[in-house]
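Q: Here is how the chains run, residue by residue.
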Amino acid sequence: MADVAVQHSVAGAYEPSLFGTYSKKIGMWLFLLSDSLTFGALLFAYSYGRISTPNWPTPFGKASIVNATIMTVCLLSSSLTMVLGVLASKKGDHKATVRWLLATMFFGALFVVLHAKEWNGLIHEGLRPFSNPWAKNVPQFGGTFFTLTGMHMLHVTIGVCYLGVVALRKKWLPILLGIWLLGWLLTPATNVFHLGIHVLLLVAVVSAVILVLKPKVYDAHDVEIAGLYWHFVDLVWMFIFPLVYLMSTKVV
Amino acid sequence: MHDVALKPPVAAVHEESRTPYYFVWVALLVLTGIEVVLTYNQVFAPVRMLEVLMGLSVIKSAMIIAYFMHLKFEIASMKWVLMVSLVVCLTLMFVFFADAFRIIHLGVR
Amino acid sequence: MTQAHGPADAAPATVHGHAPTGFIRKYVFSLDHKVIGIQYYFLALTAVCIGMILSLAMRIHMVWPDASIPFFGAIKPEQYLTLMTMHGTIMVFFVLTTAPQSGFGNYFLPIQIGAPDMAFPTLNMLSFWTTFLSFAVMISAFFVAGGAPLSGWTNYPTLSAIPMAGPGEGLGEDLWLISIALFCVASMMGALNFITTTLDLRAKGMTLMRMPLTCWSWFITAILGLLAFGVLLAGGILLLMDRNLGTSFFVPGGLVVSGVPVQHSGGSPLLWQHLFWFFGHPEVYIAILPGMGVASQLLSTFSRKPIFGYRAMVYAMMAIGILGFMVWGHHMFMSGMSPYSAFAFSFMTMAIGVPSAIKTFNWLGTMWKGKIRFTVPMLFAIGFVSLFVSGGLSGPFLAQPAIDIPLHDTYFVVAHFHLIMGVAAIFGIFAATYYWFPKMYGRMMNDALGKIHFVMTFVGAYCIFMPMHYLGMAGNPRRYSQFTEVKYLAPLIPIHKFITYAAIITVSAQLLFLFNFFWSMKKGKKAAQNPWEATTLEWTTATPPPHDNFGGVTPVVYHGAYEYSVPGAEKDYIMQTDPTPVPAH
Numbered sequence: 000m001a002d003v004a005v006q007h008s009v010a011g012a013y014e015p016s017l018f019g020t021y022s023k024k025i026g027m028w029l030f031l032l033s034d035s036l037t038f039g040a041l042l043f044a045y046s047y048g049r050i051s052t053p054n055w056p057t058p059f060g061k062a063s064i065v066n067a068t069i070m071t072v073c074l075l076s077s078s079l080t081m082v083l084g085v086l087a088s089k090k091g092d093h094k095a096t097v098r099w100l101l102a103t104m105f106f107g108a109l110f111v112v113l114h115a116k117e118w119n120g121l122i123h124e125g126l127r128p129f130s131n132p133w134a135k136n137v138p139q140f141g142g143t144f145f146t147l148t149g150m151h152m153l154h155v156t157i158g159v160c161y162l163g164v165v166a167l168r169k170k171w172l173p174i175l176l177g178i179w180l181l182g183w184l185l186t187p188a189t190n191v192f193h194l195g196i197h198v199l200l201l202v203a204v205v206s207a208v209i210l211v212l213k214p215k216v217y218d219a220h221d222v223e224i225a226g227l228y229w230h231f232v233d234l235v236w237m238f239i240f241p242l243v244y245l246m247s248t249k250v251v
Numbered sequence: 000m001h002d003v004a005l006k007p008p009v010a011a012v013h014e015e016s017r018t019p020y021y022f023v024w025v026a027l028l029v030l031t032g033i034e035v036v037l038t039y040n041q042v043f044a045p046v047r048m049l050e051v052l053m054g055l056s057v058i059k060s061a062m063i064i065a066y067f068m069h070l071k072f073e074i075a076s077m078k079w080v081l082m083v084s085l086v087v088c089l090t091l092m093f094v095f096f097a098d099a100f101r102i103i104h105l106g107v108r
Numbered sequence: 000m001t002q003a004h005g006p007a008d009a010a011p012a013t014v015h016g017h018a019p020t021g022f023i024r025k026y027v028f029s030l031d032h033k034v035i036g037i038q039y040y041f042l043a044l045t046a047v048c049i050g051m052i053l054s055l056a057m058r059i060h061m062v063w064p065d066a067s068i069p070f071f072g073a074i075k076p077e078q079y080l081t082l083m084t085m086h087g088t089i090m091v092f093f094v095l096t097t098a099p100q101s102g103f104g105n106y107f108l109p110i111q112i113g114a115p116d117m118a119f120p121t122l123n124m125l126s127f128w129t130t131f132l133s134f135a136v137m138i139s140a141f142f143v144a145g146g147a148p149l150s151g152w153t154n155y156p157t158l159s160a161i162p163m164a165g166p167g168e169g170l171g172e173d174l175w176l177i178s179i180a181l182f183c184v185a186s187m188m189g190a191l192n193f194i195t196t197t198l199d200l201r202a203k204g205m206t207l208m209r210m211p212l213t214c215w216s217w218f219i220t221a222i223l224g225l226l227a228f229g230v231l232l233a234g235g236i237l238l239l240m241d242r243n244l245g246t247s248f249f250v251p252g253g254l255v256v257s258g259v260p261v262q263h264s265g266g267s268p269l270l271w272q273h274l275f276w277f278f279g280h281p282e283v284y285i286a287i288l289p290g291m292g293v294a295s296q297l298l299s300t301f302s303r304k305p306i307f308g309y310r311a312m313v314y315a316m317m318a319i320g321i322l323g324f325m326v327w328g329h330h331m332f333m334s335g336m337s338p339y340s341a342f343a344f345s346f347m348t349m350a351i352g353v354p355s356a357i358k359t360f361n362w363l364g365t366m367w368k369g370k371i372r373f374t375v376p377m378l379f380a381i382g383f384v385s386l387f388v389s390g391g392l393s394g395p396f397l398a399q400p401a402i403d404i405p406l407h408d409t410y411f412v413v414a415h416f417h418l419i420m421g422v423a424a425i426f427g428i429f430a431a432t433y434y435w436f437p438k439m440y441g442r443m444m445n446d447a448l449g450k451i452h453f454v455m456t457f458v459g460a461y462c463i464f465m466p467m468h469y470l471g472m473a474g475n476p477r478r479y480s481q482f483t484e485v486k487y488l489a490p491l492i493p494i495h496k497f498i499t500y501a502a503i504i505t506v507s508a509q510l511l512f513l514f515n516f517f518w519s520m521k522k523g524k525k526a527a528q529n530p531w532e533a534t535t536l537e538w539t540t541a542t543p544p545p546h547d548n549f550g551g552v553t554p555v556v557y558h559g560a561y562e563y564s565v566p567g568a569e570k571d572y573i574m575q576t577d578p579t580p581v582p583a584h
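Chains as they are written, first to last, in numbering that gives the first Met the number 0: chain A, 0 to 251; chain B, 0 to 108; chain C, 0 to 584.
Treat the hints as calculated values from the structure; they're not laboratory data.
Warning: the hint list may mix true and false statements.
With a straight-line cut-off of 25 Å between C-alpha atoms, the simulated BS3-like cross-links for lysine-lysine are [unchecked claim]:
hint	chain 1	residue 1	chain 2	residue 2
1	A	K61	A	K249
2	B	K78	A	K23
3	C	K203	A	K23
4	C	K370	C	K450
5	B	K78	A	K135
Non-contacting residues of chain A with respect to chain B, defined by C-beta distances greater than 10 Å in every case (computed) [said to hold, decoys possible]:
hint	residue
6	T71
7	L75
8	A102
9	V111
10	H123
11	E124
12	R127
13	I157
14	K169
15	T189
16	H197
17	I209
18	L212
19	K213
20	L242
Even glycine gets a Cβ: it sits at the ideal position worked out from N, Cα and C.
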């Protein structure tokens, strides 16, 4: 949503907006509506598989649950910092805005790192998209786990980069490329994230195109709609966390 | 600014205080804690547990949407149109489950 | 609200107020909704030509199985399935979704509501180029090893989930899925743009209930697209996972392909059908609703009468939109779906007949005792109503599981959905093309050629699809590549031959249209600013419209879109921008 055709500058030239707010925010809400149906469909697919399959494995012990809870706390806190960033930008406090956005990005990145660590652990234990070590006759467990959490991780990653563009603009590009290069060099070639980290390169290219073609200082509106996206990512996790993790807590 | 005319005055009054957001944050953390404690101790049987968890999750997401995403402070038509269409579409998908249960009962693998 | 960081720009009325001059910014990566609309239109025109050639090849192969067809050679059965799959996919996604909504909607929605452009011009450009990329990926499936997929436009697993299940199910199938995923993203971007534009950019006085019904139909279609395409995207992602990462969302256990056991178990093909049709049924309305809008607009304009029951038309469209989300299961009566949900789906499907009938009666009521001008666009609009009724009437038959079960895999269904979703929607596109061509290119399309084109297409469409009802009731299965060797179908072969002849003639009639289109663009009679004496905003501006649509001014609207033959008025139509009050009537 790089630009809008009309800024409603001439008061009275247009009918008042039906949703009483500016176009970009409506656009972002509509996007989120569509995206929540994508996630909704994925969650329904997961539930469908789970209902129709007896003996669904419940492998997540204390360590996993603690880790996932910390991840949840990360996301919730990032939502708080995000909302404070939006408030700061509304007051016109640019420095505070950037600070809060950076805090949000920190929590978001922490979430992704913790999540990646957990993926690695599970893959090490033998979890694959097509099989799992806990229940041989329920191949869906790995598939649903990786699809749901992977799709969400992708959204968080894009969200962090989105906030980076809004907060730091062109300064964000070298940082992003640095993270990409480091991540690529530091992960072993057999690791899934050795390949997955290239998402960052793709995002960097897209961000570069946006920053070059539409250079602008992002205003309070841009921060607010970035915030909408971020809270949405948080919201989706509020369903993935109980459905995927808590409902698969190890029975002691 | 150019969009002064568009902003409902309510939002302008509201934007000052940070306290509600801290409260929401704490509430979300507490609800998450409750969820974790309930499941870790296996307080309910699975189906009841699912109902409780989904209930709590709906409350959490409602708080996120209302406060963090600011929908509470948008005008009524926006609230209703967005939420109703989303809820209706997601509710419709519950039809899927009739078939998921059938697979178990018919014994198809 | 204040803004401390950021340029305190003076916020011009339009962000790109002056037209770009370079060729690339003007015609290729244009931000102008009119150029993007035409780009979409030409994409659809290319697609429809390809889709039509595929259908001709199928028809010819069906009755002369040994014939060698130019480009295709002698068609093998699996090749037939490829043709069928690609015909369906290209027609549904790249023609019926693209032309009426993205093409004409893009061009005329902003003009008809008095906006200078779509709400997000860059996003608009992006959604066109994503659609283009999607189309390119789809076409490339023809040229990879194994060829295009053969699992139908509905792409049911398990056939579509297992790469070794057929010749096109390797790379071709992956390309199909990637193309559709891209298309979902593009349509979602387009839909949110349409909705925001309608909500935000209506000119002063253009209240919702003064909008032309075309705008209503684009608006409701966009809402359907926004809600439906996300679900297909999810389904596509899961199917790609099944194919490439070995998951089993859609593949049940115990399958054996060519003697090799399949390494999947526990999935359910029904899940795909649910996800697909949750999108697929709203998609049907995405194809037909813009046609309904155009038909309403044209019937009123050329009958010189206000539309009969404007509000009823709007509410009927909303009802169709809402019910459209609750009926997807009627595509799945034979799938082993729970019979209880089948009952509910059957009921809702019958219910959707009510708003459809309201629309039909209002169209007839609009024409009743009107001073009808039988122009070419009007003929196509009448043709639309005729085909909508003929195709729609078989809907209540198929909505009942008891009748659907014997009919569902026969030519009866082929006839039903081609008449209502295929040809009726195409008639909507033709009507829109003939109607708006003078605004788009400043010239009229040739009237005589247009009338010949109408008669041939109208009669041809009925000749092709009406006999298919009888084929279906006689038990002729669909999706089979040839019937000549099947004994019980032998008596039906003459009907098939008749259909094929009709198809060849009808397709050649489309050459007339193509010729007329391109010839008129250069050599057609110069058009007046308002050649049809219509009331809506696009006819108040220059032809073709300037870059910001209204030359720097924002129109002010005083009337609804259908003030025709108002008693006491000077002329038999009152422009929406005419400030004189309408005499009481």
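Q: Determine for every hint whether it applies to the structure shown.
A: Right, here's what the structure says about each hint:
no., hint, in the structure
1, K61/A / K249/A, "8 Å, holds"
2, K78/B / K23/A, "16 Å, holds"
3, K203/C / K23/A, "21 Å, holds"
4, K370/C / K450/C, "19 Å, holds"
5, K78/B / K135/A, "46 Å, violated"
6, T71, "5 Å, violated"
7, L75, "5 Å, violated"
8, A102, "13 Å, holds"
9, V111, "19 Å, holds"
10, H123, "23 Å, holds"
11, E124, "20 Å, holds"
12, R127, "20 Å, holds"
13, I157, "18 Å, holds"
14, K169, "25 Å, holds"
15, T189, "33 Å, holds"
16, H197, "31 Å, holds"
17, I209, "22 Å, holds"
18, L212, "23 Å, holds"
19, K213, "18 Å, holds"
20, L242, "8 Å, violated"
This entry does not satisfy hints 5, 6, 7, 20, going by the numbered hints stated previously.
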